[in-house]
Amino acid sequence: DVKVTQSSRYLVKRTGEKVFLECVQDMDHENMFWYRQDPGLGLRLIYFSYDVKMKEKGDIPEGYSVSREKKERFSLILESASTNQTSMYLCASSQGGLGGNQPQHFGDGTRLSIL
Amino acid sequence: GQNIDQPTEMTATEGAIVQINCTYQTSGFNGLFWYQQHAGEAPTFLSYNVLDGLEEKGRFSSFLSRSKGYSYLLLKELQMKDSASYLCATMLDGNRKLIWGLGTSLAVNP
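Taken in sequence, the protein lines are chains A and B.
With this note's numbering, the residue at position 66 of the first sequence is 66, and numbering never jumps.
With this note's numbering, the residue at position 81 of the second sequence is 1081, and numbering never jumps.
These aren't lab readings, by the way, just hints derived from the structure by calculation.
Cβ atoms here follow ideal geometry from the backbone N, Cα and C, with glycine treated the same way.
Below, computed lysine-lysine pairings styled on DSS-like, alpha-carbon distance capped at 30 Å:
no.	chain 1	residue 1	chain 2	residue 2
1	A	K53	A	K71
2	A	K3	B	K1076
3	A	K57	B	K1097
4	A	K55	B	K1097
5	B	K1097	B	K1057
6	B	K1057	B	K1068
7	A	K53	A	K18
8	B	K1081	A	K3
9	A	K18	B	K1097
10	A	K57	A	K70
11	A	K71	A	K55
12	A	K70	A	K3
13	A	K3	B	K1097
14	A	K13	A	K3
15	A	K3	B	K1057
16	A	K70	B	K1097
17	A	K3	A	K57
18	A	K71	B	K1097
19	A	K13	A	K55
20	A	K53	A	K13
21	A	K3	A	K53
22	B	K1097	A	K53
23	A	K71	A	K57
24	B	K1057	B	K1081
25	A	K70	A	K18
Computed far set for chain B versus chain A, every beta-carbon distance over 10 Å:
no.	residue
26	A1016
27	R1059
28	Q1079
29	S1083
Here are a few chain A residues that face chain B, going by a calculated C-beta distance under 7 Å:
no.	residue
30	G42
31	L43
32	Y50
33	L90
34	N101
35	P103
36	F106
37	D108
Given these sequences and hints, build the entire structure.
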């Protein structure tokens, strides 16, 4: 079974802090994704990566950056946390290249609160 | 543009059958996924359709009509544990990203 592991289930940080969310997958997947999910807004893509050191902006990249130094690990960074970044953050990974039909597999999510 | 529509909420009775619809308008299309998400948990993959027709997997079936931009998820012999949100997502041709619907919250009552 595919295992996607997010470093924290719950996290509380203060405004202005730099926040790191870590995600590791164990299936040698090429693609990795970071989403946030908010009530009424659904899943929104922040960034994704299709190879080591490669990244592409999703729909809402502002205020975030990412790092993929190793194939199995994809980190999301909140440069200077703000209260409007309080959300559920979900990491996902998938096999394959362009237009692939492989499903995305999700981690358990990190519920991040910015105070 | 890209757009996916699905009903916001549905209610059904334990033991019954329910059909959750999804319509999409996309400039390219390379398949449609259904996911289940229980409250407070991550989405889990249910099914994938790229060709027209019905795919059956146990109590769950998924149907696709590419010409109509339409899919449905059929849940039979409903159980209380089927109470969850059901997300429809399309894969664009030549793209690694999914376009997600907002999800249909299904409540199964005894």
